[in-house]
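Whenever a hint applies, use it, and build me the whole structure from the sequences.
Chains as they are written, first to last, in this note's numbering: chain A, 7 to 317; chain D, 1189 to 1554.
In case anyone wonders, no lab produced these hints; they're calculated from the structure.
Glycine is no exception: its CB is placed at the ideal position from the N, C-alpha and C atoms.
It cannot be assumed that every hint is accurate.
What the hints assert, rightly or not - Simulated coverage check for chain A against chain D, where a stretch passes if three residues somewhere in it have a Cβ under 8 Å from a Cβ of chain D:
hint: 1; region: 191-205
hint: 2; region: 246-252
What the hints assert, rightly or not - Label pairs and their computed distance ranges (CB to CB):
hint: 3; chain 1: A; residue 1: 249; chain 2: D; residue 2: 1463; range: 18 to 26 Å
hint: 4; chain 1: D; residue 1: 1393; chain 2: A; residue 2: 40; range: 49 to 57 Å
hint: 5; chain 1: D; residue 1: 1466; chain 2: A; residue 2: 159; range: 21 to 29 Å
hint: 6; chain 1: A; residue 1: 253; chain 2: D; residue 2: 1193; range: 56 to 64 Å
hint: 7; chain 1: A; residue 1: 249; chain 2: D; residue 2: 1397; range: 26 to 34 Å
hint: 8; chain 1: A; residue 1: 113; chain 2: D; residue 2: 1235; range: 53 to 61 Å
What the hints assert, rightly or not - Heads up, incomplete: computed chain D residues facing chain A, CB under 10 Å, no partners named:
hint: 9; residue: 1264
hint: 10; residue: 1265
hint: 11; residue: 1297
hint: 12; residue: 1411
hint: 13; residue: 1413
hint: 14; residue: 1414
hint: 15; residue: 1473
hint: 16; residue: 1475
hint: 17; residue: 1476
hint: 18; residue: 1477
hint: 19; residue: 1482
hint: 20; residue: 1483
hint: 21; residue: 1491
hint: 22; residue: 1520
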Amino acid sequence: MAAGISWISSSVLVSSILMNILEFNIKELLCADRLMDFFSTCQEDEQVINKGLYDLPFVDGINVVWGFHILEAASKAGMERIYCRNLESNNLTMKEKLETALQAEGRADRYSWSEKEKIYLFIENILHGETDERLLRLVQGGGSFIPSVLIYSSLPDFMKNTVEKGLADLKTARSCVNIPEKAFKLIEEYISSLSFSKRRIMLVNISEIISRNTLDEKESVKLVKEIMASEEPSSEAEMRRYPGLTGSFRQFDAFCSLNLKNTGITLKSPPWFEGDAYAVSFSFKSAKHLGKIIASLEKLKENSDEIFRLL
Amino acid sequence: MKFSDYYKNYYETIFDRIYISEDAVNLAPAVRASERLELPLYVVPSEKEMSPDHLNSRTLYITKRKGQTVGKCPGTRGHICCNYVTIDLYNGCTLGCSYCIMKSYLNFAPVTVYADTEPAVEELKKIARLNRDRIVRAGTGETGDSLQFDPLFEMTEDFIRGLSGIDNIYFEAKTKTSFVDHLLDIENKGNAVISFSLNPESVVEAEETEAFSLDERLDAAAKAVSAGYNLAFHFDPVICTEGWEDEYLQTADKLSQFPKGKIKWISIGTFRYPPALKDKIGQRPYLFDEYVPCRDGKYRYVQKRRKEVYRLLYDKLTRVSGGASVYMCMESSTVWKHAAGGVPGELENVKWLFKKIKGVSGRFSV
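So this is what it looks like as structure tokens:
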């Protein structure tokens, strides 16, 4: 270690902290305690490291408080020693060290779920739950991140990955934890190709079928295989979740196809078959054309009992 | 009826503490509660001063209502409303019904009791005077159970006595308990109605876990009618679990034991929920049935199913209830026509219930 310059941090939160800039052995730092290794920050580029254009890591004696990604990049670039900001003389509490790390990272509202989980576990295990609004705000601006992290932590690993990858929101993931991993793996690729909302609907549909029919793992896998074997898996899941309603829609479509195909008449059902009236619309170009439409409407009238039964 | 050890134990099991707002300290119901229960007592200027650790249903909060106590249920868009007048007396309850719609409306977890009954009684008298040509139905069971905490506070008595001389008002206390004993000896009952929410015992056991059994409720109804009260029943929410037809018909049959003319009305309402409630309900089996979004934004069973449920129950309840007015809660005209043969205005036996009430403003929709 070489003696360095005394330094007053310019940041707001650590403004009162006195820091000595000292040179440290990188290998020693990386081998020491990694208690505060929360962040999945991208490693610095080798050129950036070689030109010295990086933030100085924070250390507290020999333990790294912030900057693992810089140390790892420096090590990769072949450096053996690096200047760090040493906080040792401040006798910081663990909470203050966490604040310093979060302040240095400066990504409030942009942490991944796994980063937030690590920060939460530090708060819980090392700080014994001690926290305050200022600290929480360094992680997430609008209210505490802890309730949502607790939900995330309760998920099985494959569902955590789904949330982390942005394939599902936390609420959907929580409501779909009953989908066994083996079954989930069968749909993962397919749902990735769907829009976010269609993906959510499909996951919820499958989850609710599993709950409704109290399916075990084997039965759930069988269900998902059957759904995936169909031409339109998301429609198939919908149909199995809402057999009555989907049946009504299919019956209505079949009726229109049989009675109104190529007539120019459009028949519209009330939304979700809630109500007591259907609507027809058409246009006509001549008296003869109108006559054809009227004949088609007559046919519709004769068979209409079939669709009134759907209401 | 004296406040017995049974009630004392019951309430002390439910609550850990009592908070009273400063303006309610001297009100009789607040004094009763503080004297009858041996629980830590806190007097605070307002609910804002309550300890954050106490903002839960183990806390009983007694206060005075600020603003409107009496209001009209405004109904919901596209559905027929019976123009019921609601009185806020008890907000929240601890009966733990899985489907409780209040979970998505109430943001304040402690059970709140509005202990000043007089303004509400006076308001109801005024409403009755403004509506001399029609019957006003008013009740305290909209935002909480009317009788669960009433043996402790004895506020229902103020309404029964206060309104007993008014012919055109039916005051209703609605409950899922059997707590009627404290009301039996009131001499002037007027048109007071004690009503019970009913479900088949299987639904009570599975979904109304802290409420009283079906038989306990019916026994209490028998006591109430013997003491001279009118009765009403509410089949709401009807939950279509497997075998629901037989179970609901058998439950409906039990109403034939009550004297003809003493059941004033019976409501039926199938289970419905605003989207926000689904998450709060969790994984109850009935949620895996088929529901559709309706015009008011709430989800209901598909119309075809509801028509079937209502027709079956409407027919049955009309037959067994000795002339009671049977009506559907928050349903569309399509369903009314199918189940009852017309909309309320066309049906002699129910149109009196649905007449618009003057002088009451609407609040929120349940």
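Evaluation of the provided hints:
1. 191-205: violated (count 0)
2. 246-252: holds (count 4)
3. A:249 <-> D:1463: 18 to 26 Å: At roughly 22 Å between Cβ atoms, residue 1463 (chain D) and residue 249 (chain A) fall inside 18 to 26 Å, so the hint holds.
4. D:1393 <-> A:40: 49 to 57 Å: With Cβ atoms ~53 Å apart, the hint holds.
5. D:1466 <-> A:159: 21 to 29 Å: holds, 23 Å
6. A:253 <-> D:1193: 56 to 64 Å: Taking Cβ atoms as reference, residue 253 (chain A) and residue 1193 (chain D) lie about 58 Å apart, which means the hint holds.
7. A:249 <-> D:1397: 26 to 34 Å: Given range 26 to 34 Å: holds, Cβ gap about 30 Å.
8. A:113 <-> D:1235: 53 to 61 Å: violated, 38 Å
9. 1264: Violated. Min distance 13 Å.
10. 1265: violated, 12 Å
11. 1297: Nearest chain A Cβ about 16 Å off; hint violated.
12. 1411: This interface hint is violated because 41 Å lies over the 10 Å limit.
13. 1413: Since the shortest Cβ distance to chain A is 39 Å, the answer is violated.
14. 1414: violated, 44 Å
15. 1473: holds, 7 Å
16. 1475: holds, 8 Å
17. 1476: holds, 4 Å
18. 1477: OK, holds: residue 1477 (chain D) within 10 Å of chain A, min 8 Å.
19. 1482: holds, 6 Å
20. 1483: holds, 7 Å
21. 1491: Hint holds; residue 1491 (chain D) Cβ to chain A Cβ min 5 Å, cut 10 Å.
22. 1520: holds, 7 Å
This entry does not satisfy hints 1, 8, 9, 10, 11, 12, 13, 14, going by the numbered hints stated previously.
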